[in-house]
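Full structure from sequences and hints, please.
Using numbering that gives the first Met the number 0, you'd call the opening residue of the sequence shown number 0 and step up by one each time.
Watch out, some of these pointers could steer you wrong.
[As the list claims (entries may be wrong)] Listed below are the simulated BS3-like cross-link pairs for lysine-lysine, each with C-alpha atoms no more than 30 Å apart in a straight line:
no., residue 1, residue 2
1, Lys495, Lys526
2, Lys526, Lys463
3, Lys317, Lys95
4, Lys566, Lys369
5, Lys526, Lys369
6, Lys369, Lys495
7, Lys242, Lys194
8, Lys557, Lys369
9, Lys194, Lys214
10, Lys495, Lys463
11, Lys95, Lys13
12, Lys194, Lys317
13, Lys194, Lys95
14, Lys478, Lys214
15, Lys95, Lys495
16, Lys526, Lys566
17, Lys13, Lys317
18, Lys557, Lys526
19, Lys463, Lys478
20, Lys495, Lys478
FYI, nobody ran anything at the bench for these hints, they're computed from the structure.
Small disclaimer: the values here were computed from a predicted structure and weren't measured.
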Amino acid sequence: MNASPFRRFLALTKPQRWRILLGVFLILAATLLMLPAPWILKLIIDQAIPNQDMRLMVLLLLAFTGLFMVRAFLTLMRNRILQFAAMRLVCDLRIKLFSHLQSLSLRYFDTNQTGRTIGRISQDTGEVYTLTNGFLINIIADSVTVMCVLGFLYWIEWHLALAVTAVLPLFVFNYLHHRKRMRQESRTHRDNWDKVMGFLNERVAAARVVKSFAKEQDEITSFASGINADYFNFSRVVLRNTKLSVVADLLGSLGALVVLSYGGWMVMKGYMQVGTLVAFNAYITFIFPPIVRFVDLSAIFQRANTSLENVFAMLDTKPEVADLPGAPALPLLRGEVEFRDVGFDYELERPGKGRPRTLTEVSFAIPAGKVVAIVGPSGSGKSTIINLIARFYDVAAGAVLVDGRDIRSVTTDSLRNQIGIVLQESVLFSGTLEDNIKYGRPDATREQVLEASRAANAHEFIEKLPDGYGTIVGERGSKLSGGQRQRIAIARAILKDPRILIFDEATSALDTQSERLIQQAMERLMKNRTSFIIAHRLSTIQQADIILVMEQGRLAEKGSHEELLAKGGLYSRLHAWQLKDRA
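Below is the structure:
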């Protein structure tokens, strides 16, 4: 087994090292306090009872009681300390993972299921608790117990101890025989469960789509298939652990049989007292059960190791979009935007295969304060342009500049803080309307929120709601209509006061009345700001200062509405088709 994930886990425990070390000390102390108990039993049987020594009997019983009371107290303290340490490690790791997740580029989210990502933070990190509070306690306590008891047994009667030791290699062989398969089966189970969680997350998020196509039964069948596969995989893991445990239990019984047989013969021959045999047999119960538990601990360790591999794989994922060391913040923008021979691929280069070009040698310059419409057939690269302006991805060739500065040379936060984006399907977070409007500017005053809402034509409908700005919108804003969500998104953008605006199909899915209200809000918002609009509606396109016409990842045409119509090119044909559709 690759120990690297476990070594990295040990490095993560450094902030809690003093708590863990104290817990380990208490484990050792509590374990050592167990060892005198069988010897006290021997003294009672071999000395106190035969000699009818009541004083010795009372002293031995008091010592026996005192040992267990002190051990119970130490165990309570140990569990409390290690439980706190383990939970703190889990919480810190979850924060670390979520923080790293925020630094990752959109390509990571494009290629990884949401359910799988959530599973890393919620489930895989939970194994850290088991590893710290369960595995650590048992592996230390049981290891110390086995070593100390074996040494003590050799001191008592080395012939009998040698017979016990002869059984121990069989436990090791039993574990080694199953170890590799345990790891493979644990990983298979985990991978399948990640797929099930990803499927579940997608279907819950798309409940409206599923119902609109009446696909409930098909989705139930697919989910049941994944769950049944998980049942099969988990059953294999359980069966493997059961085989290990049953064989280990049989070997433990064999060890006890050896002790009773050989020890009984020694008592009958007078080589050993009865109390010594009873004590020896009691010590055996300190050896074989921990060894049997090692089997369960190995299963826990294998499962935890698989989870740690997943956690560290996520932590090792490097963000593709990252600030250069010492990159300065972008000063307040005028809003000039330039593309210089920009090339871009959503798919990374694959050895031996061609590279699909999403954008190829795209160049244009937009003066500050201009309204730019981006049009073109589906898949022509329109959304890619705005993704690159916001630096959601880095260009593969060329450069994107704002106010003459390559956006890769400044901090990403300082760039995005000056960009406002309104998407076709604006996402709202569960919480109040006011919280959603203030998302990009949490320090805004109530008056500023009201002003932004009025400018976005949102204030009127918000005031009519029972709780006004304190209305809880539900997950993803499900309690609002599409037009209402868009107006909240525009209010959020207005409050942010960006220098560059991006509208990605912001009105394409709305009714005429909602579109009119949002168009008015957009016009207010676009004043004195550089604005990029992806839209199909003629009214929006015709009012743009500049129109960029995209075709198969290239800039086919550029100009005003009148100039492009006069050229009779692609834009003219798109315009004619839209007029025909509206007729």
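For each hint, the structure was consulted:
no. : hint             : verdict
1   : Lys495 to Lys526 : 14 Å, holds
2   : Lys526 to Lys463 : 29 Å, holds
3   : Lys317 to Lys95  : 14 Å, holds
4   : Lys566 to Lys369 : 22 Å, holds
5   : Lys526 to Lys369 : 9 Å, holds
6   : Lys369 to Lys495 : 19 Å, holds
7   : Lys242 to Lys194 : 28 Å, holds
8   : Lys557 to Lys369 : 14 Å, holds
9   : Lys194 to Lys214 : 20 Å, holds
10  : Lys495 to Lys463 : 25 Å, holds
11  : Lys95 to Lys13   : 14 Å, holds
12  : Lys194 to Lys317 : 23 Å, holds
13  : Lys194 to Lys95  : 24 Å, holds
14  : Lys478 to Lys214 : 23 Å, holds
15  : Lys95 to Lys495  : 28 Å, holds
16  : Lys526 to Lys566 : 29 Å, holds
17  : Lys13 to Lys317  : 24 Å, holds
18  : Lys557 to Lys526 : 22 Å, holds
19  : Lys463 to Lys478 : 14 Å, holds
20  : Lys495 to Lys478 : 24 Å, holds
Violated hints for the displayed structure: none, as all numbered hints are satisfied.
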